[in-house]
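Asker: Sequence:
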Amino acid sequence: MARKIFFIPALIAALFFTVSCGDLNVKPNIPDQNDVLGTPEQKVEAAATLYRDWFNAVHALKGPALGLATASDQITTTHGDAAAVDLAKEPREVFQNFTNYSFLYITKDFWDKTYQVVLLANDILRSMEDEKTIMYEGKDIKPMLTAWSYFIRGVGYGYLGLLFDQASLVDVHTPLPHNTYDDYHKVILFALTSLDSTITISQTHTFTLPDGFINEMTVSSDLLAGIASAYAARISISFPRNMAENEQNNWQKIYDYASQAPDLDVAPVADNDKWKDEYRQYALSTYWGRIDLRIIHLMDPDFPARWPADNTSWTTSNGQIPDSTLLSSDDARAVSDFIWDPPQTIEPPFYLNSFYRFSRYDDWMVTYSGNVPEFTTTEKELIMAEALVHLDRTTEAIYILNNGTRTRRGKLLPLDTTTPAADVLKAIFYEREIELIATGTGISFFDMRRRDMLQKGTPLHFPVPASELDILGLPLYTFGGVENADGINTSAGGWF
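Residue numbers 481 to 976, in my numbering, belong to the letters of the sequence shown in order.
Since the hints were derived computationally from the structure, they do not count as laboratory data. Check each hint, because a few of them may be wrong.
As the list claims (entries may be wrong) - Quick list of the computed label-pair ranges, beta carbon to beta carbon:
#1 T673 with K619: 26 to 32 angstroms
#2 H559 with S808: 27 to 33 angstroms
#3 P657 with V846: 44 to 50 angstroms
The beta carbon of each residue, even a glycine, is placed where N, CA and C say it ideally should be.
Could you put together the complete structure from these sequences and hints?
Answerer: The following block contains the structure:
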C-alpha cells in the first residue's frame, strides 16, 4: 500500500516549538531565526540538545524500541506497556493506527520528537547561511555546527525511513507547510546524503564538539566523521523490507561506511535524568522483560524455541517443562550473559513467557546510569563481515568472525576457511542476535525483516500516525495482520 498525504501537522507544531513562534518570512515562508539563534552562544546551546533529544526519543519507554524487540521475538513480556504485547500477539494482528489507541504514542511521540530535532537542525543551518564565520571562544565554529546539524538530520531521517512507510522531507529552504510525503527509499537517501555531508565537512576541517554534545564523549572532527559513517552503515544495512531488497543493497557502499566507523563504542553516558535509556531499563528489568526462547534456542537447539501456546505441549525430550539444568551450549555467553529467571506466575498468552533474562548489563541496571553502547565496534565488524560475504570475499569475513566476539566472548570454535557463504551469514546473524541486545533500537527487528523471518502478519513498518491523518481528515491506513501478509508492508514470512 502506498499512500500520499499532504502535510504534517506535527511539522507545524515542531516548527513553532523550535523557533518560539518566530515571524513568518515571505521568502520562502520560513521563520526568521535572528532572534532565536542569533548569537553563537544560542546556536551552540541549541545544537547541544540535538543528539540528546533524539537519543532519549529512540530509547524511550513511549517510543518504538520495546515493541520492535517483541515483534522480532528477541525480547518478550506479559506486560502491556508500549504495545509490546500487542505487537507480539500470535497470530499477528493489525497495528491499531487510531487516535484512541492507548499505545499510539509509540509512533506519534517518536515522530513528533524526531521532527522537532531535524527542524531545529535545519534552523541552525539556515541561521548560518549569511555568515562567513561564526566565532565562539576564539574559534570559527561554523564548520562544526554545520557538520553536526547534518549529522542529526541524517540520523533523525534515517530512523524515520527505517520505521515508517513514508515521511515528509524538509530541507533548509523547504517552504512550510510541506505538501507531500516520500516513500522510505527517498527518506533513506535523504538521510544518507545528510550524513555524507557530515563526513565530508568533518574530514576537511579540524574541530572538537563542545562538552555534552554526546554525553561524556570527547568527539573530534575525525571521530564525528566516523560516527556518521557508523550510522550510515547501520541505516543502509537495515532499511530493506524483505530479502529481495536486501539482496539488491549496495554492499560495497555499506562496507565502505562500516570500515570508516570508529574503533571505539559510541556510548554516551546515561544519568537517568537528562540522558535516559528507558528501552534498556524495561527490556532487561527483572519485573518486565525476558529474553524470548527463540534466542535461547539459537544457543542450544535442543532447548524449546517457543513456550507452547497451550502451556503443556513441550518439545523437550521428556515432554516436560524445562528446568535450569536443560540449557547446554558451547557458547560461553549462555552463562555469562543470560540468567535463569522464570516467571513467578505463568500468565496467558503462554507463548509470551520465558525462563531467561539478559543479565550482561546488570551492573548498569542498578542505577540506570553509565555508558550506553548505542553503536559498538562489534556491530561495525559484523556489518563489514556481512558486506564482505555479499561481495564474494567470504574468507575475509571469516577472518573477522574468528577474531571477534564469536571466539573472544563466546569461546566458540573458529570457522573453517572453507565454510560456505550461507553458513558464514548464519554465524554473522547469530552474533548480531547475541551481541547487540539492548544496544541500538530495532536491530533485531530490522535483521529479521530483511531476512523474511518476522512472523507472518508482522507490520514491516509503521504507518504515518493516525493523529496526523485525523487532523487533516485524511483516510486512516495501517499494516499488519496475517490476512494482509504481502511481503511488502506486512510480513509474509516467518521463522517457524
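Asker: Against this structure, judge whether each hint is valid.
Answerer: Hints, verified against the model:
1. The given range of 26 to 32 angstroms is respected by T673 and K619, whose C-beta atoms sit roughly 27 angstroms from each other.
2. Taking 27 to 33 angstroms as the suggested C-beta distance range, the pair H559 and S808 conforms, at roughly 30 angstroms.
3. Look at P657 against V846: about 47 angstroms separates their beta carbons, and that is inside 44 to 50 angstroms.
The structure is consistent with each of the numbered hints, conforming to all of them.
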